[in-house]
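Novice: Sequence:
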Amino acid sequence: MPKSRSYEQELMGYLQDSERAIAYLNAALEEEDLELFWVALQNVAKARGKGDDWFERLSVQTPAVEGKVEQLFFLLKELGLGLKSMELPQAS
783 MPKSRSYEQE LMGYLQDSER AIAYLNAALE EEDLELFWVA LQNVAKARGK
833 GDDWFERLSV QTPAVEGKVE QLFFLLKELG LGLKSMELPQ AS
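First residue of the sequence shown: 783, per our numbering; consecutive thereafter.
Since the hints were derived computationally from the structure, they do not count as laboratory data.
Errors might be hidden in some of the hints.
Calculated lysine to any residue pairs in the SDA-like style (CA-CA distance at most 20 angstroms, straight line) [as the list claims (entries may be wrong)]: (1) K866 to W836; (2) K785 to D799; (3) K785 to E801; (4) K850 to E813; (5) K859 to L816; (6) K859 to P871; (7) K866 to D834; (8) K828 to K859.
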């Protein structure tokens, strides 16, 4: 019997594609749940090679990150906007 991949493994593979990652984030936005959107952002970051603690370290380095995500979430929600995929060079 072939070994199956876990849900998380499947999700991480799925989110490596930019268009799929944006669709995933937009779906989280549509739910109008900040916590869900935050988890979706973390999943996309993890799929893009950021470690489990990347958001935690980022929050320590810049304490306002979580507040900015909240602002972005509510701004997009209030304006009825979503996200669009655009490839950018990765920061080192």
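Novice: Look at each hint and say if it fits the structure.
Specialist: So, going through the hints one by one against the coordinates:
1. K866 to W836: With a Cα-Cα distance of about 23 angstroms, the restraint between K866 and W836 is violated, given a limit of 20 angstroms.
2. K785 to D799: Given that 20 angstroms is the threshold and the Cα spacing comes to 23 angstroms, the pair is violated.
3. K785 to E801: The hint is violated at about 28 angstroms.
4. K850 to E813: OK: K850 and E813 at ~19 angstroms, within 20 angstroms.
5. K859 to L816: This hinted pair holds, its Cα atoms lying about 10 angstroms apart.
6. K859 to P871: 27 angstroms, violated
7. K866 to D834: 25 angstroms, violated
8. K828 to K859: Violated, at about 24 angstroms.
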